[in-house]
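Go by the hints and put chain B onto chain A.
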Amino acid sequence: MKITSEPISPDTLRDDLLNPSAGAYVSFEGWIRNVNEGHDVLRLEYEAYEPLAVTEGLVVIEEAIARFSVLNARCVHRVGLLEIGECAVWVGVSSGHRDEAFKACRYIIDEIKVRLPIWKKEHYVDGNSGWVNCERCATHGHHHGDSPAGD
Amino acid sequence: MIKNLTIRYFALFRENAGTGEEIVSLDAETAADVFALLKDRHGSEEPTGHCKVAINDVMADWDHPVADGDTVLLFPPVAGG
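Line order of the protein sequences matches chains A and B. Using our numbering, read the first sequence as starting at 1 and increasing by one per residue. Using our numbering, read the second sequence as starting at 1001 and increasing by one per residue.
Check before you lean on any hint, since a few could be wrong.
Heads up, simulated BS3-like pairs for lysine-lysine below, C-alpha to C-alpha not over 30 Å straight-line [stated by the list, open to error]:
1. A:121 <-> B:1039
2. B:1003 <-> B:1039
3. B:1039 <-> A:113
4. A:2 <-> A:103
5. A:121 <-> A:103
6. A:2 <-> A:121
Reference excerpt, derived from the structure (chain A facing chain B, CB under 7 Å, subset only) [said to hold, decoys possible]:
7. 30
8. 114
9. 116
10. 117
11. 118
12. 119
13. 120
14. 124
Distance windows between CB atoms, simulated [said to hold, decoys possible]:
15. A:10 <-> B:1048: 33 to 41 Å
16. A:85 <-> B:1065: 22 to 30 Å
17. A:85 <-> B:1030: 38 to 46 Å
Bear in mind the hints are in silico, worked out from the structure with no lab data behind them. C-beta: ideal position from N, C-alpha, C; glycine also.
Bound conformation, chain A alone (with noise of 0.2 Å):
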C-alpha cells in the first residue's frame, strides 16, 4: 500500500507482482473523468492522512489476501492535483487462477473507497469546487459540493 504524489505507472507495478505460481494477474485503474453528476469537472484534488491510510489500506490488502487466498496484491493511490484521464488508483491482485483474482481486485478497490482516510475535491469548469461526498456534512462554509462519489 503506498500514497504518492507522483503519477502512477501501472506497468511498473504489475513486475512486483511476477509470480511463477501465478496463472491469473487481475488489475484495476481508477482514472480522473470529464463529469459528475452533470457537473463539468476541470481537475480534482485528492488529500490523503498518509500514516492512516497506509495502515488501513495494508489491512484491506491483507483480508483480500486471506479471504480469497490469493498470491499477492498491492494498491497505489495518488494524492494532489490530478488532471483529466490521469490514474488516482490502481489495484494488482496476482493468483493462481482467474477468480480468485477478480474478486480479490473488487474487494480492494471497493473497501478502499469507504473505508480510508483519502479525500477528493472536485473543481469544475464553472469556477465552483466541491469535496465529494461532503453534500450532507456541511452547515456552513464556501462549499458547494453535491455530487457523489465517482469511480
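Here is chain B on its own, set in the frame of chain A:
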C-alpha cells in the same frame, strides 16, 4: 471533566475550521462528544456517512472514550478511489 485535547481537522473540516490543528479544553467523555461540541468549528451536525475518527493515530469508534492529552483526528466522509 474538562480535558485538554489536540484536534486535527482534514479536508472539508479543515477548510471550515480555518486550521488543521488546534488545542481545546472540552467537557467530553467520548469521540462523539468531541464531534458534537466542535460542530461550529468543523461545520457538521453529526458524523454522518463515512465520517471517521481516530484517537492518537488509531481508528476508533465514535463511542471510544477520550482522555486528557489525546489527539483526536476528525475525518469528514471519505472518498478515495
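- Mind checking the alpha carbons of residue 121 (chain A) and residue 103 (chain A) for me, to see if they're no more than 30 Å apart? 29 Å, holds
- Agreement of residue 1039 (chain B) and residue 113 (chain A) with the hint, judged by alpha carbon distance not exceeding 30 Å: 25 Å, holds
- Quickly compare the C-alpha distance for residue 2 (chain A) and residue 121 (chain A) to 30 Å and report which way the hint goes. Within the cut-off at roughly 20 Å; holds.
- Query: Is it true that the C-beta distance of residue 10 (chain A) to residue 1048 (chain B) lies inside 33 to 41 Å, as the hint says?
  - Reply: 35 Å, holds
- Between residue 121 (chain A) and residue 1039 (chain B), does the CA-CA distance stay at or below 30 Å? Holds, at roughly 21 Å.
- Task: Grab the minimum C-beta distance from residue 118 (chain A) to chain B and call the hint holds if it beats 7 Å, violated otherwise.
- Result: Holds. Min distance 3 Å.
- Message: Tell me if the interface restraint on residue 124 (chain A) is satisfied: Cβ within less than 7 Å of some Cβ in chain B.
- Response: It is violated, given that the least Cβ distance between residue 124 (chain A) and chain B is near 16 Å, above 7 Å.
- Query: Holds or violated: residue 116 (chain A) as interface residue toward chain B, Cβ cutoff 7 Å?
  - Reply: 5 Å, holds
- Could you check the hint for me, namely that residue 85 (chain A) and residue 1030 (chain B) are 38 to 46 Å apart, CB to CB? 44 Å, holds
- Message: residue 119 (chain A) was flagged as interface toward chain B. Is the shortest Cβ-Cβ separation under 7 Å?
- Response: Interface hint status for residue 119 (chain A): holds (4 Å vs cutoff 7 Å).
- Item | Agreement of hint residue 120 (chain A) with chain B interface, Cβ distance less than 7 Å | At 5 Å from the nearest chain B Cβ, residue 120 (chain A) passes the 7 Å test, so the hint holds.
- Item | Satisfaction of the residue 30 (chain A) interface hint, Cβ to chain B closer than 7 Å | At about 5 Å, which falls below the 7 Å cut-off, the nearest Cβ of chain B leaves the hint on residue 30 (chain A) intact, so it holds.
Comparing the model with each numbered hint stated earlier shows that hints 14, 16 do not hold.
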